[in-house]
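Asker: Chains as they are written, first to last, in numbering that gives the first Met the number 0: chain A, 0 to 363; chain B, 0 to 363.
It is worth saying that the hints were derived from the structure and are not from the lab. Please note that a few of the clues may not be correct.
One copy or two, it doesn't matter: identical chains are merged, so the pair holds either way.
Calculated cross-link-like contacts (lysine-lysine; reagent style BS3-like; alpha-carbon spacing at most 30 Å) [to be verified]:
1) Lys273 x Lys61
2) Lys114 x Lys200
3) Lys58 x Lys249
4) Lys151 x Lys352
Source: prediction; values computed, not measured.
Protein chains: 2
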Amino acid sequence: MTSKKEFIDPWSSDIPEDYLETIKKFGLEKFNVKDFPNPNIHMRRATVVAGRDLKIIIKAIKEKKKYYALTGFMPSSSKLHLGNKVTVDNMVYFQNQNAKTYILIADLESNATRKISYEQAKKSALEYFIPTYIALGIDHKKTFFYFQSENKKVTKLMFELSSRATLNEYRSIYGNTEPNRIISSLLQTADILFPQVHEEKMPGIIPVGIDQDPHIRLSRDIARREGENKFFLPSAIEHKFTPALDGSLKMSKSKANAIELPDTDENIETSVRKALTGGRETAEIQRKKGGFPDKCMVFELYKQHLIEDDNELNAIYKDCKTGKILCGSCKQNCIDHLKKFMRDFKEKFEKAKHQVSSIKFVED
Amino acid sequence: MTSKKEFIDPWSSDIPEDYLETIKKFGLEKFNVKDFPNPNIHMRRATVVAGRDLKIIIKAIKEKKKYYALTGFMPSSSKLHLGNKVTVDNMVYFQNQNAKTYILIADLESNATRKISYEQAKKSALEYFIPTYIALGIDHKKTFFYFQSENKKVTKLMFELSSRATLNEYRSIYGNTEPNRIISSLLQTADILFPQVHEEKMPGIIPVGIDQDPHIRLSRDIARREGENKFFLPSAIEHKFTPALDGSLKMSKSKANAIELPDTDENIETSVRKALTGGRETAEIQRKKGGFPDKCMVFELYKQHLIEDDNELNAIYKDCKTGKILCGSCKQNCIDHLKKFMRDFKEKFEKAKHQVSSIKFVED
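Only chain A is shown next, with the shape it has when bound in the complex:
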């Protein structure tokens, strides 16, 4: 999963070979874009590669049956980046397809693993994370938000589920494990199943990066042992990473190679200017032989985040392949798109900040 092979022809919805291996190895389902009405950018362009138990969600969407979508975030002092945006985009997709929407603030985990105080967690959730989710398209009026530390039902569910997990299973899923990991993943399972306790037994979809699949497997195993009469096993839709502009597999705050939400014009300029592209050794050769958009981080940004219109993306792809555009002007175009994205984002973010006070958090 770490080679460059994974950046593929944007026009096919083929899944890269490395991911296909992963999918096979872990018993995932291949994602099939044709199954979903009005697929979003990540579905159409194979950022979404896999899933678990997707049929029941497809059925719920098509038959307008009750189901839910759930995600969560660890409140911290660092910002979200474009890589994190994929999950939010998928949440927005399901919300628009009538999913009951749940977003949880993982403050028990951020306190335990990152020593972030509950006050600090609350502050950054209210002042940054939730407005960001809203700015990216989440409708807060149609969303249940909760803090883990305030939701007693989740704590109760975690204890109830604890007798369904075994240490051997932790070992087989995670390799070595420790008590803090055990308790965190039991809590995550309780979070994932909570909507079925809060409302009623119903299917649910969890959008995650494919690296998070072990948590999904564990949650499904535990839910299964409670008896299928109690819970629908949670479904998942799983995406590959947004690569960093320097060519690293994954944007990462800790590696300072991420485009943040929002980011400064200066950082956008610097990051894009030094981005790894699919360019040739010289401009002359590139004009003659064309570039490699499939290997280009700038093109990857267009594809995953900046250019919604398929024809527009297609044109850039062809112009690169035929040597019609060179990396310099293409980078400038990307910078312009990114700056515009950030201006829009900031505007929506400022508006969203005023909407947070109307949210009533679920406490029980």
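Using the hints provided, position chain B relative to the given structure of chain A.
Answerer: Same frame as chain A, now just chain B:
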């Protein structure tokens, strides 16, 4: 710890040999009755055999410094018995020695391990367990009560502490372990340390049966890793079991050999009549050579629960040793004492039931 050797001369405060081995093996402190002002019946008669970090508690008592005593119970449909009373008696002792008193209702654990619903747990706590504690001498006006499932600070503390525990430590303390056990013992540790978060950093004493010492060790290990600046390591006072009348090591609800709180006159009669005593083969031999009160379950009941006055107990001991009283009349005496105890208990219990509504449970 399972042989009969442990029933010792009541006049010495020597600790039985088996318990001495346990104390040495697990690095416990021998309990020394002379250190404590106004020692209670269990301290004077070596039901209490050991402890951890007792000096800091003795100092707090003598210098009138702030400290706490804490215990908890699993709410269930079965009743408490005389064996459980030892812990309550020790709690009453420390409450009378000005300890801040905490009693928790382990409803998260009773739900996880015994499938007892939260409603059922609440009902049995309010209608039976708390009135029983009050009837046995706990002053509810001076006690903080809480339900685990309602106390968010305990949940938070449990997560905070989870990063301080290691799986190896669980293995070395408990042998094999499983996720439900890990999460339960992290919760217990959070319970044990909660008063230092609820009020201020202060020493605390946990009265337990000596079989519960592993939990104390784990809690101390975890608290130590938080840094001694954060918590006083919890102290413990540890007692041996109240044997069952049939001679089993330990009264046990599940083995139906317990005198319950309250118990019926019929059950008291039946249990005492068939009790294992230290009598001789025939009345004649016993009149001549005397009995063995040190091996007698009836005498053990006098010693631990029924006869507070040392002179009165001494007289019975001598009368038995010299053959002056035989088992039949002694058993009748024990039955009379037990029936009186139950009458008093029931009267106090009925009164206590009306006091429960005034309790304000700690929720945070």
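Asker: If you test the structure against every hint from before, which numbers come out violated?
Answerer: The structure breaks hints 1, 3; every other hint is satisfied.
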